[in-house]
Amino acid sequence: MLELKNITFSVSLEDGKTKDIIRNLSLTVPDRTFTVITGPNGSGKTTLAKLIAGIEKPTEGRILLDGEDITDLGITERAKAGIGFAFQAPVRFKGIKVYDLLRIASGKPITPSAACEYLSEVGLCARDYINREANASLSGGEMKRIEIATVLARQSRLSVFDEPEAGIDLWSFQNLIRVFRSMREKINDSSMIIISHQERILEIADEIAVLAGGTIDSYGKRDDILPTLVGTESAQDACTRLK
Amino acid sequence: MALTEIQKKILAEVADLHKVPVGAYNFRINGATESRNTTANIDIRSKADGSGIDIHIMPGTKNESVHIPVVLSESGLKETVYNNFYIGEGADVTIVAGCGIDNCGNQDSQHDGVHRFYVEKGAKVRYVEKHYGSGDGEGKRILNPVTEVYMEEGSHMEMEMAQIKGVDSTERSTIAELKKDASLVVRERLMTHGHQSALSVYKVSLLEEGANADVVSRSVARDDSKQKFDACVAGFAPCKGHTECDSIIMDNGTILAVPSLEARHVDAALVHEAAIGKIAGEQLIKLMTLGLTEHEAEEEIINGFLA
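Sequence order for the protein chains is A and B. For the first sequence, the numbering used here gives the first residue as 197, with consecutive numbering after it. For the second sequence, the numbering used here gives the first residue as 96, with consecutive numbering after it.
Derived by calculation from the structure, the hints in this document are not laboratory data. One should not assume that every hint holds.
[Said to hold, decoys possible] Quick partial rundown of chain B residues pointing at chain A, CB under 10 angstroms, derived from the structure:
1. Asp341
2. Leu387
3. Glu389
4. Ala392
In this text the structure is predicted, and so the values were computed from the model without any measurement. Using N, Cα and C, we set each Cβ at its ideal position, and we do this for glycine too.
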């Protein structure tokens, strides 16, 4: 269970003033749930994801994972504590192979066939990718799926996906939905947070949290929240994002 | 051949050798030939004046290899060695040369190897050269290799040159001349640290139609080390040439990249690229989210980059 308690995250502006990106936000993500955090652009979704992964530190408030205070832990410690994080824009590396990323992610030496399992789960033909460099030769959709495979390989208690649909084509998006549906089915004791304003992803959610102006505007079961969002910026259909 | 543990370690580093190799070889240890083997197709002879060896590979020799590692484990040894390679028409061989210096003393140790390759028509050569230094003495470990490659029609050569650790000072000079349809691929890997300095100069001349060269250097400069990469590809005929220098700079390192092109024919297609940058913060963060410490992440990034 992840608990965010009264989180505020402020940044300094050029004129010396400060601005709250996240403002007194509290949210509890229970185990075994698939939670989608949505909200309009600029509502603080990505910042919230980074705060959970430890990439940013809150100005105020505490973050608890299974009752343990992880607020002061860095990125590495949080990863070791069981938090996985998939970047909105996957990072590319010259010379590091897809297999290396999966090996690093799993935290132990793994056989190529084990690495291939993770690639298969995200719909990539493992044989074609395992020895490819995770560099600019891979497309946005391919990198996105490899990014998700690295998070799967960590087998984290809590995985955070920051806008998995960003920067990919419609064809890849359809595949991505399949991947997330399958992950939802295999969630077991772990839990997942997806930052997204795609209606198709919101449809998979157990719980939906709506972020507005840096704080939780509404939170509840999918069937209660989703109808209130359809047609708004928080729940776009697949074509809207292409405009 | 009785080797000390240090000599064995160096051989493993520079030639991936853990035992006496199969095929032709010449081990040069502390200034003298320690051991040699020739085969029906590959002959190795010492030059009459003792300045080095001549390696003759018979035309049509296939799938054979030549290992010519050099080990310096005595402090204060300085030598210049001239080795000539004659690769016969249609041969397909691997040549592994490497030099390791272990210097525990206070005097500088230096090996300057001059390698000349005469690659005949249609021959294929894979050349692997690794340089390595170890030992905790005050004396420097210095390697100044000179490589000259003369390629006849339709020949192909791949050169992998790596210097990853422990060499204090290096000045590498490589020149290549390619005739009709000859192709050359160079992959250089270089890492410097401490107060080391490295200079690598290439001059590749594409003399005749269809000649093709691809010269790529990847390097990492750490601590207070200095590097200069100076590569010129010259086209004298309809040909293709590409040179690239890609570097990671860390700490107080200095890198000067000077890729250059010289076109002497209207159909010479020549391209150069150079990029120098630090390790991107987002690369470190990504690997840290996978459970690595910042230091471990840095090592993975460098190891991958130089692989």
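Results of checking the hints against the structure:
1. Asp341: holds, 7 angstroms
2. Leu387: holds, 6 angstroms
3. Glu389: holds, 7 angstroms
4. Ala392: holds, 8 angstroms
Hint check: no violations occur; every hint is consistent with the structure.
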